[in-house]
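What follows is the residue order along each chain.
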Amino acid sequence: MLNMTDIMETITMIQEENLDIRTITMGISLLDCCDGNPETSCEKIYKKIYGCARDLVKTGDGIEQKYGIPIINKRISVTPMAILAGASGGDPLRYAQVLDRVAGDVGVNFIGGFSALVHKGFSPGDRALIRCIPEALAATERVCASVNVGSTKSGINMDAVALMGAMIRQAAERTADRQCIGAAKLVVFCNAPEDNPFMAGAFHGPGEPDCVINVGVSGPGVVRAALKKAGPDCDLTAVAEIIKKTAFKITRMGQMVGNEASAKLGVPFGIVDLSLAPTPAIGDSVAYILEEIGLDVCGAHGTTAALALLNDAVKKGGVMASSSVGGLSGAFIPVSEDAGMIAAARSGALTVEKLEAMTAVCSVGLDMIVVPGDTPADVRAAIIADEAANGMNTGKTTAVRIIPAIGKDVGDELEFGGLLGSGPVMRLNTASPSKMIRRGGRIPAPVQSLRN
Amino acid sequence: MRAVITVIGKDMVGILAKVSTTCAEANANVIEVTQSVLQEFFAMVMLIDMAKMDCELAELQEKLKQNVDGMTIHVMHEDIFNSMHRI
Chain A
163 MLNMTDIMET ITMIQEENLD IRTITMGISL LDCCDGNPET SCEKIYKKIY
213 GCARDLVKTG DGIEQKYGIP IINKRISVTP MAILAGASGG DPLRYAQVLD
263 RVAGDVGVNF IGGFSALVHK GFSPGDRALI RCIPEALAAT ERVCASVNVG
313 STKSGINMDA VALMGAMIRQ AAERTADRQC IGAAKLVVFC NAPEDNPFMA
363 GAFHGPGEPD CVINVGVSGP GVVRAALKKA GPDCDLTAVA EIIKKTAFKI
413 TRMGQMVGNE ASAKLGVPFG IVDLSLAPTP AIGDSVAYIL EEIGLDVCGA
463 HGTTAALALL NDAVKKGGVM ASSSVGGLSG AFIPVSEDAG MIAAARSGAL
513 TVEKLEAMTA VCSVGLDMIV VPGDTPADVR AAIIADEAAN GMNTGKTTAV
563 RIIPAIGKDV GDELEFGGLL GSGPVMRLNT ASPSKMIRRG GRIPAPVQSL
613 RN
Chain B
-5 MRAVITVIGK DMVGILAKVS TTCAEANANV IEVTQSVLQE FFAMVMLIDM
45 AKMDCELAEL QEKLKQNVDG MTIHVMHEDI FNSMHRI
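As they're listed, the protein sequences go chains A and B.
Residues in the first sequence are numbered consecutively from 163, following this note's numbering.
Residues in the second sequence are numbered consecutively from -5, following this note's numbering.
Calculated directly from the structure, the hints in this document are not laboratory data.
Some hints could be false.
Reference listing, derived: stretches of chain A covered by chain B, where coverage requires no fewer than 3 residues with Cβ under 8 Å from a Cβ of chain B [stated by the list, open to error]:
(1) 167 to 174
(2) 224 to 235
(3) 413 to 421
Please read these numbers as outputs of a predicted model, since none were measured by experiment.
Positions of the beta carbon are idealized from the N, C-alpha and C atoms, including for glycine.
The following block holds chain A by itself, in its conformation from the complex (with noise of 0.2 Å):
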């Protein structure tokens, strides 16, 4: 039998404490919309997202009614357009278009999938839809663009990490006037997960089935009220196990929703993602969490040690509560969207080196960060590769989403609105990494890659 104390607290985790299902994402294989023509292959994706899809925001509307759980998006996520733009032929921005059509038309607010996996090398059609990403994403509201260049089995594309650091300026720049909003749906991924339900990184991986929903679940602010009512005494052991019996509440909410979804939608169910994704509003950051467990402000010394910590126990208490667990599955830090880590940046206590350390031990990477319009391309590109060196090495996903603000500068704001929220433009370490960058080619596959 239900008692009174279980039903209040799943209440006040979701009244107070911000408690949410963050995305129920669709994945949209369109490997049967390639056509010789580009015009039919564009009528087929519309054709099949559509027929995919038509219902999905309306059966997530329906769990949310019934459940009392708000399911804050519903999203899409398509096969890597590159592959099939590649296959028919045509204007990569077409594609674009007939995706972001089709997301208006459905009603979902993201489609992800404007995306190449070039971790090895470029295909033609790779190259022609990396050059269209900037005009893409200015032209089209909902779409969203992600580029694989690097991997722990194949090495980092380094000749990709030098296009990608002038690319994101471009779609900065393109979208200067609605603060630089372009830059903020582009993502290069090292490992990129092929069932990440989250944006802006989400694809549907060519490994994947037809149509697939996979979940994202949030909750920083339950992690940060639960630490909190336990107060400073118990020791780090404690700390660990309380963070972890709330993921597995939190996760178990999710796969419950999953399972609705898909048994709705007449889709099979993929993967919850447990990943911690804060938002801007005050009560759902990940860096309150940190601060939660001892640090005076997110980024001080031990923000290391103390992220490490809640990532693994996020992952021990959410890999029992679901049967298929996926996508990125750790703490979220992106600047922009998490009201301690903008104070903390805006303070100068967390830095971009530090922000780098930290996402050695959890999900993703350089996350939502603003920096100076002016950072010349080739530092763009030796930030991407660095990280992606995090990933290759440690044989995790990381990512950089960074948002050059055009003619602004260190003291500067950008304000993206809504889950975007904004961010401070962050100092960056100009000296130059032009040579290397220059130099071109692939940085090996680290030996960890051998394992067979």
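Fit chain B to the given chain A structure using the hints.
Then chain B, alone, in the frame of chain A:
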């Protein structure tokens, strides 16, 4: 198929009566009620059977909000609590 109704707020006369009347009108059978009043704070958890209920959960919540003014009311399918608190 059961749902949990929770009502929280300042205590006053007739809260339980109004909630159960609204349930009866929707043909939802009340299975269990736990209620406490601490100082002026009222908290109630009601378990209902909705096998024969003639409206959707969201609709019932709407009616309850209209009929019981000034209280925080949630109507949620019991599975969310079972999945979070039971292994």
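Quiz item: So which of the earlier hints does this model not fit?
Solution: Hint check: nothing fails, all pass.
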